[in-house]
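Chemist: Residue numbers (UniProt numbering), protein chains in the order written: chain A, 1 to 307; chain B, 1 to 248; chain C, 1 to 284.
Rather than coming from a laboratory, the hints here were simulated on the basis of the structure.
Heads up, a few of these hints could be off.
Said to hold, decoys possible - Not everything, but these chain C residues come out facing chain A in the computed CB check (under 8 Å):
id: 1; residue: Arg4
id: 2; residue: Lys7
id: 3; residue: Leu50
id: 4; residue: Asn53
id: 5; residue: Ala95
id: 6; residue: Thr97
id: 7; residue: Leu244
As the list claims (entries may be wrong) - With a cut-off of at most 30 Å between alpha-carbon atoms, the simulated DSSO-like pairs for lysine-lysine come out as follows:
id: 8; chain 1: C; residue 1: Lys216; chain 2: C; residue 2: Lys270
id: 9; chain 1: A; residue 1: Lys279; chain 2: C; residue 2: Lys73
id: 10; chain 1: C; residue 1: Lys157; chain 2: C; residue 2: Lys3
id: 11; chain 1: A; residue 1: Lys284; chain 2: C; residue 2: Lys113
id: 12; chain 1: B; residue 1: Lys60; chain 2: C; residue 2: Lys73
id: 13; chain 1: A; residue 1: Lys193; chain 2: A; residue 2: Lys222
id: 14; chain 1: B; residue 1: Lys59; chain 2: C; residue 2: Lys157
id: 15; chain 1: B; residue 1: Lys60; chain 2: A; residue 2: Lys159
id: 16; chain 1: C; residue 1: Lys113; chain 2: C; residue 2: Lys157
id: 17; chain 1: A; residue 1: Lys235; chain 2: B; residue 2: Lys155
id: 18; chain 1: B; residue 1: Lys86; chain 2: C; residue 2: Lys157
id: 19; chain 1: B; residue 1: Lys60; chain 2: C; residue 2: Lys157
Beta carbons: idealized from backbone N, C-alpha and C, even for Gly.
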Amino acid sequence: MGKFIVLAALLLLPVLIFTIVRRTGRKHPAGHEHGPAHTHRHIGHKHGGMLSIDYFAYSSKIRGWNPAFKVVLSVLTIVLCIALDNVYVSAVVIVSMAYLVIAAGGLPPRDYLSVLTIPLTFILISILAIVVDFSAGPVGQWHVHIGFGYLYTTAPMLKKGVFLMLKILAAVSALQLMILTTPSSEIISVLRKARVPGILVDLMNLIYRFIFILMDVFARMKNAAESRLGYRDFKTSCYTFGSVASNLLILSLKKAGAYYDAMEARCYDGELLFLEEEKKADIKVVIPAAAFVLYLLLLWYLTRQAV
Amino acid sequence: MKKKQKIALTVSAVIALALGVVPAAGAMHIMEGYLPVAYCIAWGVICIPFLVAGWFSIKKTLTGHRKSITILAMTGAFIFVLSSLKIPSVTGSCSHMTGTGLGAILFGATAVSILGIIVLIFQAILLAHGGLTTLGANTFSMAIAGPLVSLGIYKLSKVLKINKHVGIFLAAALGDLFTYCVTSVQLALAYPSAQGGVATSAVKFLAVFAPTQVPLAVIEGLLTVVIIFGLETYAKNELTEIGFLKVG
Amino acid sequence: MKKRILKADNLSYVYGNGKTALDGVTVEIYEGEKIAVIGANGSGKSTFFLNINGVYAPTSGEIVFRDMTVNKKTLNELRKNVGIVFQDADNQIIASTVKADVGFGPMNLKLPKEEVLERVAQALAYMNLTGFEDRPPHYLSGGEKKRVSIAGIVAMKPEVLIFDEPTASLDPINAMMLEEVLAKLGAEGKTMLISTHDVDFTYRWAERVLVFCNGKIIADGTPLEIFQNGEVLRQANLKRPAMLEVYELLVESGVLAAANAYPRQTQELKEVLRDSKVILGDPA
């Protein structure tokens, strides 16, 4: 019983920390966001919800936070999750990241979970391969005979599987902090600051913009094909999909030329210069974040024997 | 006996859940958090020479034809969009192409390595597929190993004078299968089996992913043939326009 | 006498595939002119625009901006002073936020950051886009995208503004908004060239019309001159504006006196009708 209370307290501590953060976050109300967020909700889902993450990032209430700070916090948390490999750390990260994105960022829990479960197939299948092993003889606590040998598992293996799953969920949660609150254009600007070669950053900026252009074109071509029964059965679907895709490529190459002309018309001279404005890293947010990281380290240090 | 039944039931339930309920069956992106730190770094380091080669080739292309920046970017965006589209499926589950083979055949392996890593970053931040710490491992399997095999088979089938469309099918399908094998080995190296070591573990990963990955490879091969067929019919000019990307 | 701002002298342009798009185009453009450029698709309008903005280098002939003959060195001077708003905003908006896109041109002009910020704020206010700064273009409507693409050019403060088929794919409200913007720019004395298929718009807005056909300018004159020239209309496959037709019908049928009023807008027609009450016969 005592153990549970301690555990619960441990889990809730970061939530407490981030409540303070949330208060600070509220001091920068992205007021103008409320209107557009509503009017554009359907637009965000227009692409079959495929790029809903992008939409969530733009409507996040903590979008105004310094992007470099969010990226660093997120990456640092991911690294701590996998380097410390500690189940308590994993649990704390899962809870606190969810809290931060949902409570401070204002993302509906349902949407948060829908993104968190995207890698579920991969997690389940790959963990299945880890918790079950082959053997010639009947070993382990549980086993089944499968012709030439035995499939077996043991309690430690199951435990390892569950812990691994928690670790992955924690790392994914930490990644979510970044992707659900920071638009990609801002993440790319952080890469530029981190001295990633200019050509790569330019390419990323262009690719990010072009992705949406192509999605739009594709949606229109697909509807046109659908209206002409292009998806009536599997064989037709394959043919239609291939034709639409090759058309999309042709069209994107034509657009590439038009885009280059438009860039040159605005005096583009071999270097993509975008206006980027510095969002100040608020000390009231940075300090709790640092405390959170230290807390994770402390937690690992105190429990490293227990696991 | 009862225990056996129980575990058999659980195992089948998990498989059914994984294959049936969960919608996405795309390429095998290794998730964020799956690999221990040492493996993240190691795979990243292995990618470096390929990426450097790709970077120089792209830089050369860009100094030669400045206009190719938008073409390269459109190409990258195209690969991303292609890989995020729901492809036709017989089972009703939702799966995606990787675009690896198509990219390699059209644009060459060097350009695809750089575009590939960018696409993988966008898949991580826009689709939550894959991750940042596993970027090295994913880049190696999907943007380097797969395309190289695809391109190799494509060229080989040209030399052997195999029917062009069969060659393209084999290049795309086998490239996909190879990616899936590399990923399985990557997983096995990080999580070797207690008894059989890396080899047993690799067999296990291959086995559990086979139901999603093998049909996917076949469909990818078919679709790649249809796409290239369409391009050849309608866009000879545009194809020569991207020709220089292949040379670089 | 107005000052000449731009001159194209015997301009020819041949595409890489050997297709001649411009064939000896000579034209002089004066400060503050409002010019409509009309002609069928593929008649060379867009190629002409890309040439006088310096994106395409003419195969032969030359372009003179004010007193400067354009060459490789002065190319950027031309691009800076002649801005194009492209037909499809989705072929022009390059950055991932409205602010960054509107700032793209000014950044390329290598202006100090404070000035870029100021120009962006001004251009956004001008296009009624204040509050849209951090919006990504992919969550904007068609009309909003058009406004962003215009703001991106306005922020560069060019002396000559070119609009390539600006009203294509705009809904009536946005088309009206566009005409208001054009009026605002006109009041500031900007020189403007607009390509369009809308003869009614041409008739009510333009002071001068250039008619393109197969890479040549086949007619250059006031809207009235152009639309009364049956030969030009036939050659360029153009309709006559409804307002002109109606006015001439009214004159023909004797409702209006055969005066040379030629109203261009509904309001002007109203005035003409009111002034000719005598002929109509006052109902009272």
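Chemist: Regarding the pair lysine 60(B) and lysine 157(C), is the alpha-carbon distance no greater than 30 Å?
Modeler: Status violated; Cα separation ~35 Å.
Chemist: Interface hint check: leucine 50(C), Cβ to nearest Cβ on chain A, cutoff 8 Å. Holds or violated?
Modeler: With a minimum Cβ separation of about 6 Å from chain A (threshold 8 Å), the hint on leucine 50(C) holds.
Chemist: Take the C-alpha atoms of lysine 59(B) and lysine 157(C), compute the straight-line distance between them, and say whether it is at most 30 Å.
Modeler: Violated, at about 34 Å.
Chemist: Against the 30 Å threshold, does the CA-CA distance of lysine 279(A) and lysine 73(C) hold or violate the hint?
Modeler: Distance of about 38 Å is beyond 30 Å: violated.
Chemist: Regarding the pair lysine 193(A) and lysine 222(A), is the alpha-carbon distance no greater than 30 Å?
Modeler: With Cα atoms ~39 Å apart, lysine 193(A) and lysine 222(A) exceed 30 Å; violated.
Chemist: If you draw a straight line from the CA of lysine 157(C) to the CA of lysine 3(C), is it 30 Å or shorter?
Modeler: holds, 19 Å
Chemist: For the pair supplied as a hint, lysine 60(B) and lysine 159(A), is the alpha-carbon distance within the 30 Å limit?
Modeler: Violated: lysine 60(B) and lysine 159(A) sit about 52 Å apart, past 30 Å.
Chemist: Regarding the pair lysine 60(B) and lysine 73(C), is the alpha-carbon distance no greater than 30 Å?
Modeler: holds, 25 Å
Chemist: Is the straight-line distance between the alpha-carbon of lysine 235(A) and that of lysine 155(B) 30 Å or less?
Modeler: holds, 28 Å
Chemist: Can the hint on arginine 4(C) be confirmed by a CB-to-CB distance to chain A that is less than 8 Å?
Modeler: Violated, because the Cβ-Cβ distance from arginine 4(C) to chain A comes to roughly 22 Å (cut-off 8 Å).
Chemist: Can you confirm whether the C-alpha distance between lysine 113(C) and lysine 157(C) stays at or below 30 Å?
Modeler: holds, 16 Å
Chemist: Was the hint right that asparagine 53(C) lines chain A, CB cutoff 8 Å?
Modeler: Holds, about 5 Å.
Of the numbered hints given earlier, the model fails hints 1, 2, 7, 8, 9, 13, 14, 15, 18, 19; all others are met.
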